[in-house]
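Each chain, letter by letter, is given below.
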Amino acid sequence: MTFISPWLAVAGAAAMALPILIHLFLRRRQKPIEWAAMELLRRAVQQSQRARRVERWMLLVLRCLLLLLVGLAIARPATMSTIAQNQPVVLGIVLDNGVASRAAASPATPGQSAFDAARAACIESIRALPGGSLVHVLTTSGTIEHTSEAVDPDRAVAILGTLAPTNEPSRVREAVDRADDALRRTTMPGRIVLASSFSRGAIDTEAQVLPATKATLEIRDVGSDDQGTAAIVSMVQRTLGPQSTGSVTVDVTVTRPSHEQARRSIPVTVTDVMTDRSTKADAVFVEGSQRAVATVTLVVDPSVTEHGWLASIPADRQPADDLRSATISTLSADPVLVLDRERLDVDEGSSAQWIERALEPVAGMGLPHRRMDPSEVRTGALKGSTAIIICRPELLDATGWAECTAACESGALLVVVPPTEDTFVEWQDPCAALLGPGVTIRREVMDHDPPRRLQPQQPASPITQLIASELTDLVAPVEVSRSVVIDGPSTTLSPILTMADGSPLMVLSTRGRGVVVMLASAPVPSWSTLATKPIFVPLVQETIRQGEVLLDAGGSVTIGLGRLPEGTTELRPVRGSTTGEASLTVDPSGMIVGDEVQPGIMQAIQAQGTSAESLRSPSLVALNVDPAACDPQRNDAARLTAWLNQTITAPTVEASTDTTARSSTRASVWLLLAAAVVILAETLLGRMFSVPEPSST
Amino acid sequence: MANQGLRAEQYLSPETLAQLAPFELRAKMVADGVMNGMHQSPLQGMAVEFAAHRQYSAGDSIRHLDWKVFGRSDKLYVKEYRQETNLDVMILVDGSASMSFGTLGVKQGWGGTDATRRRGAWTKFDHATASAAALAFLCLSQRDRVGVAVGADGLRGAVRKSATRDQWRSIVRCLSSEPVEARFSPAACINQLLAQTSHRTLFVILSDFLGDPEGLRSALARLRHRGHDAMLLAMLDHRELTLDLDVEAPFIGLEGEDALDVDTRTIRKAYLAELQRHLQGIDRQARAFGYDLQVFDTHESVGPVLAALLSRREGMVAGGRR
Chain A
110 MTFISPWLAV
120 AGAAAMALPI
130 LIHLFLRRRQ
140 KPIEWAAMEL
150 LRRAVQQSQR
160 ARRVERWMLL
170 VLRCLLLLLV
180 GLAIARPATM
190 STIAQNQPVV
200 LGIVLDNGVA
210 SRAAASPATP
220 GQSAFDAARA
230 ACIESIRALP
240 GGSLVHVLTT
250 SGTIEHTSEA
260 VDPDRAVAIL
270 GTLAPTNEPS
280 RVREAVDRAD
290 DALRRTTMPG
300 RIVLASSFSR
310 GAIDTEAQVL
320 PATKATLEIR
330 DVGSDDQGTA
340 AIVSMVQRTL
350 GPQSTGSVTV
360 DVTVTRPSHE
370 QARRSIPVTV
380 TDVMTDRSTK
390 ADAVFVEGSQ
400 RAVATVTLVV
410 DPSVTEHGWL
420 ASIPADRQPA
430 DDLRSATIST
440 LSADPVLVLD
450 RERLDVDEGS
460 SAQWIERALE
470 PVAGMGLPHR
480 RMDPSEVRTG
490 ALKGSTAIII
500 CRPELLDATG
510 WAECTAACES
520 GALLVVVPPT
530 EDTFVEWQDP
540 CAALLGPGVT
550 IRREVMDHDP
560 PRRLQPQQPA
570 SPITQLIASE
580 LTDLVAPVEV
590 SRSVVIDGPS
600 TTLSPILTMA
610 DGSPLMVLST
620 RGRGVVVMLA
630 SAPVPSWSTL
640 ATKPIFVPLV
650 QETIRQGEVL
660 LDAGGSVTIG
670 LGRLPEGTTE
680 LRPVRGSTTG
690 EASLTVDPSG
700 MIVGDEVQPG
710 IMQAIQAQGT
720 SAESLRSPSL
730 VALNVDPAAC
740 DPQRNDAARL
750 TAWLNQTITA
760 PTVEASTDTT
770 ARSSTRASVW
780 LLLAAAVVIL
790 AETLLGRMFS
800 VPEPSST
Chain B
1489 MANQGLRAEQ
1499 YLSPETLAQL
1509 APFELRAKMV
1519 ADGVMNGMHQ
1529 SPLQGMAVEF
1539 AAHRQYSAGD
1549 SIRHLDWKVF
1559 GRSDKLYVKE
1569 YRQETNLDVM
1579 ILVDGSASMS
1589 FGTLGVKQGW
1599 GGTDATRRRG
1609 AWTKFDHATA
1619 SAAALAFLCL
1629 SQRDRVGVAV
1639 GADGLRGAVR
1649 KSATRDQWRS
1659 IVRCLSSEPV
1669 EARFSPAACI
1679 NQLLAQTSHR
1689 TLFVILSDFL
1699 GDPEGLRSAL
1709 ARLRHRGHDA
1719 MLLAMLDHRE
1729 LTLDLDVEAP
1739 FIGLEGEDAL
1749 DVDTRTIRKA
1759 YLAELQRHLQ
1769 GIDRQARAFG
1779 YDLQVFDTHE
1789 SVGPVLAALL
1799 SRREGMVAGG
1809 RR
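Residue numbers (the numbering used here), protein chains in the order written: chain A, 110 to 806; chain B, 1489 to 1810.
Extracted from the complex, chain A is given alone in its bound form (with noise of 0.2 Å):
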């Protein structure tokens, strides 16, 4: 609060002590008085001069205090943003220009990006700004200081036109120092406009909070309130199908805003970017959740071999911040290896002959299968292979088992069988190794005779989730003769099936980002009758499809322009992408060159010399918000008035000039009308403490 006549304000507090001086002044002025009823007198002081002084104080102050209403109001009180507009300031602009700055300002406002309402709020301050005052620019993000020295308003409002927003997170907080040392500079009053819409993006979430500055700091919040659209928060690849069934589910997890109650439902609609075909299902909220789940189906083209899914809601508000990652997973081109000798002359069938053929029961239908010979597994014939199946682990050497380990680790899926004839060889150990430790498998092969029966009731494994329903059914007529005994902590080995003793027909472990299944019984007649019962089929194609699934060698989804994975030089669109074909450029730290996004699906190109697990990975990255089109959440009010130390003014600015006079005139009509009740409230006082007229004795 200041004044627009600050020395009638003092004239005003001055006179205030007229009535104290008046009061003096006539107190020793008074000459003695001589009187005769001096008891009389004195009983009466007695009874009623302590009160009195009280309330004669009282009628002192309200005097002053009216003497000082009159002045304050004659002085024309006035806001200090009111007085800025009349008196030359230095305003430091700092315009948000980060990434969330590209969502749109308000569902309102369609085509209007927050960057565009901050900019606008902007050039509206400046215009506002009165005769000789100086402005400084700068940005939260990129370039922050665009102004060496503080510059006339026209120009200011110039170099805001040129600005543009960046793909780079928001730096308020080191933006709104540097405009307070640049106002430190000046001998000139300051203040400082933030404009900014206020995301979660756009504030810097690590500073609690938001340092005090010297120069005044005027919020220009330009965000949107309006908190009614919901967010995609996961979206994940149920079953794995291409190769198989031709068909992809996808659950996609929906929220929405906690004020929302009602039973709505949303419609999502997921695209794969690599055939740009949609499919749409609906997210339903029942009365008072605040999440659901759609689950879509795709039918996907099985000549393409790299699918990625684009999951979209109408007006998506992004979640949470900016900067977010996920994984998405990549199925393998490669045909399942079959590790074995090419032998014709067995009679009942080796393991790789029965497994081959449920691989693919019909010719050209089913998982694409070939043959290699284990002694031919050298050094780098296992790239690009996610599935393989050691049918003679015997025949396997030390680099094979190398080999076949490092696959494992970098994201493959190996399947191994025992052999059927009896070797020396002991390839036991190894295999154990792979499987993991604290894992043995006995060198003596067990008989069982009978032979062994399985369990009615399975246990429920990934691998067989898809055959749960209908297990019980097929293990049933399924009986085992030989087995190998494998032993280890169930930390480790997770049993798929089981035989009547309890003992594991088939276990699963993880090793690295790959998967480990093995057989403890070959699926050849001699040993069991698993090859020849209806299970196998579906058991040999469910492995190697629910197995992939479960390999952690998925691609890295980069949602709203995170950091890319390390070493990644450029992003090249692959095709579905939603714009152009041009490549992104990274730098060394990970964030795109420019300022032109595409979303879509990007193939990350590494640099040379990066680690070969990252090489190996499929290094699809999906740019998939487009920072213009999505919503971002806002933060609410109380965090965001914790972390900018203060409370946010209301965004519009009374440019007008007149302002200041009705502003400052509404201020002293309240004032007047206060000296208005203090004079009544003298007269009442005044009239309380008077003595009725003395009546005649």
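Simulated from the structure, these hints should not be mistaken for lab results.
Some hints here could point you the wrong way.
[As the list claims (entries may be wrong)] Examples of chain B residues lying across from chain A (beta carbon under 7 Å, computed):
hint: 1; residue: Ser-1586
hint: 2; residue: Phe-1589
hint: 3; residue: Leu-1698
hint: 4; residue: Pro-1738
hint: 5; residue: Phe-1739
hint: 6; residue: Gly-1741
hint: 7; residue: Leu-1748
hint: 8; residue: His-1766
Heads up, the beta-carbon is just placed ideally off N, CA and C, and yes, glycines get one too.
Guided by the hints, dock chain B onto chain A, whose structure is given.
Just chain B now, with coordinates in the frame of chain A:
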């Protein structure tokens, strides 16, 4: 005559009396005013009154036979009269320092009482002495024996009761010569007067009665004990009665009281209430002994004072006869 056309009220107003410098002249004016005012009074010159007729019986003096009735009815009737009464009146004027208070202005250099000269105003003492002189003259004209005394902490000056022609002059001289000072002690003064009083006497006490009520109660008790009658005439200045003064100033007492810082505007209500309470207390005391108190504003005429005396005297005379 110089005073032809003037009404008694004009003679008796303090403003008129205040213009008369020599006290004797002032007292004379008061007396003339009283006489003019009482011209139509049924009591004028009447010391003996006809009461009733009674049939003559042997031994009755033939002086009182009503010959007119005998002539009309041939019967002898004797006229009966009220008994002739000589009233003893003692006027005690408070000569304490507080009586020198007055706010009604008078011209300077006209002389008057000691208080008038000191204050340059028509004081309570002036009003009391003027009233006392008028009362004395009135009593003397009724053939009553009247004496006067001026007292404060004790009797200062006194004139013994007498009905002689020179008595009034002695009284006037006494009233005009005594100073006003010290505090009034009614008990001391009454004690001294009682020592000189043997007959039943009407004591007229003119004072402001601002002193200790207990001393007054003691004095009245002694008067009652001796069977005397009393009139209490309270002389208070108009400003004392109203406190019509808007000042915040130190007030100092006339009888040596400590100074007191007073804002009259703030205490006026309480002061007036205290004054009322004080006067009602004295009135209660007086009534307890069969006496009464009358309060007079010194800015008003002295006429009501004399009317009060006459009313009282009539009551006493009638009561005494019955």
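Hint check:
1. Ser-1586: holds (4 Å)
2. Phe-1589: Holds - the Cβ of Phe-1589 of chain B comes within 7 Å of chain A, reaching about 4 Å at its closest.
3. Leu-1698: holds (5 Å)
4. Pro-1738: holds (5 Å)
5. Phe-1739: Holds. Min distance 4 Å.
6. Gly-1741: At about 4 Å, which falls below the 7 Å cut-off, the nearest Cβ of chain A leaves the hint on Gly-1741 of chain B intact, so it holds.
7. Leu-1748: Nearest chain A Cβ about 6 Å off; hint holds.
8. His-1766: holds (6 Å)
When each numbered hint is compared with the structure, no violation occurs for any of them.
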